[in-house]
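J.: These are the residues of each chain, in order.
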Amino acid sequence: MSSASRDRDEDLRGLLEAGGGSPSLEHDAVVLQAARAAAAARARTSQLRVWALAASVTLAVLAGGWLWRADGLRSPGSSTASLNAHRLLFVSAVLSPGLTRGGEDVARLGVPRGVRTVRLRLDLTTVSAQPAYAIQLRTVSGRAVWSAQSVAAHSEVTSRMLELDVPAEFLVQGEYELGLSAAAHTVTPELVFYYFRVARE
Amino acid sequence: MQDSSDAELMLRFQRGDSAAFEQLFQRHKQVLFRFLVRLSSSTPTAEEVSQQTWLKVIDVARQGRYRKHEGVAFRTWLCTLARNHFLDEFKRKFAVARTQSLPDNMHETLTQERDPVLDPAVLVDRDVRAQHLRRALLTLPFEQREVIALWAAGVEVEAIARMVEAPRDTILSRKKYAISKLRQALAELDSEEHRA
Numbered sequence: 001m002s003s004a005s006r007d008r009d010e011d012l013r014g015l016l017e018a019g020g021g022s023p024s025l026e027h028d029a030v031v032l033q034a035a036r037a038a039a040a041a042r043a044r045t046s047q048l049r050v051w052a053l054a055a056s057v058t059l060a061v062l063a064g065g066w067l068w069r070a071d072g073l074r075s076p077g078s079s080t081a082s083l084n085a086h087r088l089l090f091v092s093a094v095l096s097p098g099l100t101r102g103g104e105d106v107a108r109l110g111v112p113r114g115v116r117t118v119r120l121r122l123d124l125t126t127v128s129a130q131p132a133y134a135i136q137l138r139t140v141s142g143r144a145v146w147s148a149q150s151v152a153a154h155s156e157v158t159s160r161m162l163e164l165d166v167p168a169e170f171l172v173q174g175e176y177e178l179g180l181s182a183a184a185h186t187v188t189p190e191l192v193f194y195y196f197r198v199a200r201e
Numbered sequence: 001m002q003d004s005s006d007a008e009l010m011l012r013f014q015r016g017d018s019a020a021f022e023q024l025f026q027r028h029k030q031v032l033f034r035f036l037v038r039l040s041s042s043t044p045t046a047e048e049v050s051q052q053t054w055l056k057v058i059d060v061a062r063q064g065r066y067r068k069h070e071g072v073a074f075r076t077w078l079c080t081l082a083r084n085h086f087l088d089e090f091k092r093k094f095a096v097a098r099t100q101s102l103p104d105n106m107h108e109t110l111t112q113e114r115d116p117v118l119d120p121a122v123l124v125d126r127d128v129r130a131q132h133l134r135r136a137l138l139t140l141p142f143e144q145r146e147v148i149a150l151w152a153a154g155v156e157v158e159a160i161a162r163m164v165e166a167p168r169d170t171i172l173s174r175k176k177y178a179i180s181k182l183r184q185a186l187a188e189l190d191s192e193e194h195r196a
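Chains B and X are the protein sequences, given in the same order. Going by the working numbering, the first sequence opens with residue 1, and the numbers climb by one from there. Going by the working numbering, the second sequence opens with residue 1, and the numbers climb by one from there.
Everything labelled a hint here was simulated from the structure, so no lab data went into it. Treat the hints loosely; a few may be bogus.
Quick list of simulated restraints, FRET-style, between CB atoms [claimed, not checked]:
1. X:Val128 to B:Ala4: 18 to 26 Å
2. X:Leu11 to B:Thr117: 45 to 53 Å
3. B:Asp9 to X:Ser5: 22 to 30 Å
4. B:Ala18 to X:Ser5: 25 to 33 Å
5. X:Glu158 to B:Val30: 42 to 50 Å
6. B:Arg197 to X:Asp17: 55 to 63 Å
7. X:Asp17 to B:Asp11: 34 to 42 Å
8. X:Glu192 to B:Leu25: 31 to 39 Å
9. B:Arg6 to X:Leu138: 20 to 28 Å
10. X:Arg65 to B:Asp11: 33 to 41 Å
11. B:Arg197 to X:Leu11: 52 to 60 Å
12. B:Glu163 to X:Arg27: 34 to 42 Å
13. X:Arg162 to B:Thr117: 41 to 49 Å
Just so you know, even glycine gets a beta-carbon here, dropped at the ideal spot from N, CA and C.
Using the sequences and the hints, build the whole thing.
T.: Next up, the structure:
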């Protein structure tokens, strides 16, 4: 389209837009009144949502606190916390890699009587990502007590984690070493080690 | 950008800010109303459909259903709502299936309730030409008048094609024929004035 033709079209559009009247004051009043009512309703809804969100966060914090207290995690140097074994069939612990075998800072995991499963959550933040991992759990003297093949990691908001459920019957009192390797290879050096000490309660 | 600020106003309104809606309303009410006058050739019909369209916009916000859509201007969305409402009203009144072409003589029914403001006796110069153009618009088939009404409201050809569910080339063709007829009407007016 030539610029002259475009200009003529624009003139035509201008003429079409000229005049044509306006909606009545009543029309405007009805619309604006409805808009104000809707805005007030939306504002109330938004406020309720804020309260609902605050309530949800409070509940989440309370629930998190309860779980944290029930957790069997013992950070290095901390004392053994009591655990209500009548209410939990498993305990869980987050383990960080690289702690020295036999050291004083080894994570301590209290396993009360009646617990059937120990859930170990391995921090993989410093480990190169693999499609899946092979796990071997052994005593500190090197005796294999449990293993798992092809365990996939999962990502959390701030870190990658690998979750293992180890039957509690394999964990008697003592110190353990957990070796992690890439599951894709039959023979591969273990990528990382985790150490923890089990205390039967 | 106009579109993004329209969307922002709508989102603010959706959060409960009535002043944002008033700004949006002032910005578009005239364009919407004139679009509907051109489409329906009836001021009362345009007013009724305009009001219903704005109430629909408010309802969407009240339910928190407005989303900022990429590439769809607020005005295009507004005109789409208005057009759909107009066609629904027309279908209700005249029992015409929406997918069928609207009859070309629809203006004869609608012009019976034409607003006195369209009386050419009260208009001069440019207004006379504008009035003459609107009269010429009434003689166009509905499909062409619809395209011209949307085009004059600033809706892009691609958006019109999507709105009326017709190929872009068809829209361009309708627009071309309509503009040609409107220009011819203006030329006839100029010729009459020249003779006078």
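J.: Checking against the hints above, which ones are violated?
T.: The structure conflicts with hints 5, 12, 13, although it agrees with all the remaining ones.
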